[in-house]
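A.B. asks: These protein sequences, in sequence, are chains A and S.
Residues 1 to 248 (my numbering) make up the first sequence, in order.
Residues 249 to 457 (my numbering) make up the second sequence, in order.
What the hints contain is simulated information worked out from the structure, not anything from laboratory work.
What you are looking at is a predicted structure, and each value in this text was computed from that prediction instead of being measured.
Cross-link-like lysine to any residue pairs, in silico, SDA-like; alpha carbons within 25 Å at most:
(1) A:Lys34 x S:Asp277
(2) A:Lys112 x S:Phe342
(3) A:Lys65 x S:Asp275
(4) S:Lys271 x S:Met394
Some, not all, of what chain S presents toward chain A, calculated at C-beta under 8 Å:
(5) Arg263
(6) Ser264
(7) Asn267
(8) Ala268
(9) Val296
(10) Gly297
(11) Ala298
(12) Arg366
(13) Leu367
(14) Pro368
(15) Ala371
(16) Trp372
(17) Val399
(18) Glu440
(19) Lys441
(20) Leu447
We put the beta carbon where it would ideally sit given N, CA and C, even for glycine.
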Amino acid sequence: MRVIARLDVKNQFVIKGIHLEGLRKVGDPNQLAKAYYEAGIDEIVFIDAVASLYNRNNLFSVIQKASEEVFVPITIGGGLRSLADVEQALDAGADKVALNTAAIREPELIQKVAKQYGSQCVVASVQAKRTANGWEAYMETGREKTGVQVLDWVRRLQDLGAGELLLTSVDQEGTKSGFDVSLAQAVNSAVSIPVIVSGGYGQPKHIAKLLDVSEPSGLCFASVLHYNMATVGELRRNIELAQASRIK
Amino acid sequence: MKKIAVLGYGLGNVRSVCNALRKIGADADVSHNEHTLMQADGLVIPGVGAFPQGMANLVESGLVGVIRKYIDSGRPVLGICLGMQLLFDKGTEFVSTEGLRLIPGSVDIIPVASGEGRLPHIAWSAISPTEQGMQKMFAGLSDSEMRFYFVHSYAATGVSQDNISAIITYLGNKIVAAVQSGNVWGTQFHPEKSGPSGLHLLKNFINNC
Chain A
1 MRVIARLDVK NQFVIKGIHL EGLRKVGDPN QLAKAYYEAG IDEIVFIDAV ASLYNRNNLF
61 SVIQKASEEV FVPITIGGGL RSLADVEQAL DAGADKVALN TAAIREPELI QKVAKQYGSQ
121 CVVASVQAKR TANGWEAYME TGREKTGVQV LDWVRRLQDL GAGELLLTSV DQEGTKSGFD
181 VSLAQAVNSA VSIPVIVSGG YGQPKHIAKL LDVSEPSGLC FASVLHYNMA TVGELRRNIE
241 LAQASRIK
Chain S
249 MKKIAVLGYG LGNVRSVCNA LRKIGADADV SHNEHTLMQA DGLVIPGVGA FPQGMANLVE
309 SGLVGVIRKY IDSGRPVLGI CLGMQLLFDK GTEFVSTEGL RLIPGSVDII PVASGEGRLP
369 HIAWSAISPT EQGMQKMFAG LSDSEMRFYF VHSYAATGVS QDNISAIITY LGNKIVAAVQ
429 SGNVWGTQFH PEKSGPSGLH LLKNFINNC
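Could you put the whole structure together from the sequences, leaning on the hints where they help?
C.D. replies: This is the structure we're talking about:
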């Protein structure tokens, strides 16, 4: 299982909030990316935290620098609207693009990017919020309702050619109170492409609880790494321990 | 300083490949110009995307003959991911397409029983190098360092044992992870995205150039 670091970037700073809101500066994106790389991270996801809201792209220079010193896969998301934006992101040195708002507005964009650059470079980002009878997909960094049911949406994303899903629980994000385990399980069994689970990790037992019901292809961490609550190595060991105890 | 040409044919993360080669001290540049390519000490064929598109781009840009000529010169060539797949006789992604026919074998979808396993296979997987692989490609790497980043749904099949440098096991299938036939090297994984182990492998490649 991949251990992935997520860096939400605003005005050249990594920021972190709760439920994708209430943002605080935590550091320089390139310094953090390099530190996580040296600590053995499997992959890094950069999200432009404001681009989607104000239609700006300022992350490309960060990506360009990161690709010179970080030799693991780099994903960029936030504010990518068109095939031209995707091309620019890949040219800057990203290996994959994460698409959410633009995909909801124009699902065919997923298909177009997959056709042009291959499914492996299309990460469909899904921001899910609990409802009375399931989950609804949100866009604009978890702020705007879409009326789309998450489980229908992820199947559609797979059919459109998404190579993997980055599944964020808006409810759990930044709370350190654990993953939305039922969401992870429902989505993981709804699709046959890899699923990366994001949002809510606080303690090792949260990984064990998740792995008891479902094994995603990757786990995405932000706060826990940014605030030095655990190292990449510790997170990896926690995953291995949870896998071993579940097999027993 | 070794001069390494990274083949530009419109498919591939050429920037990442160049950055990784430069990191380990090579003079790396992207090119599709025959004259420039033929002057390089080593050639890297990168590639992400689909087999038919990759082959079509090589044919349209007149690079098939250049690659053959380069290989005939005896200098080392490294195909990465799709760049490795194109080395084989054919690929069956979408439609059956003839490859470069430099190494015997076919590139087919990884068999997945429904409900089990996921495709694409996107993971850091532990590889098992063969004796041949340990001689050059993976030389100097310890067991715990034999971990590389894969992203693919197709894999080479029918490859002669002599040409296999490493395998992985995925969904119960033994999958060809790396090949070498004479001066032609290929990795299904992405060394440029596999951290220090990947950089080590690239270093082994340029040391051989």
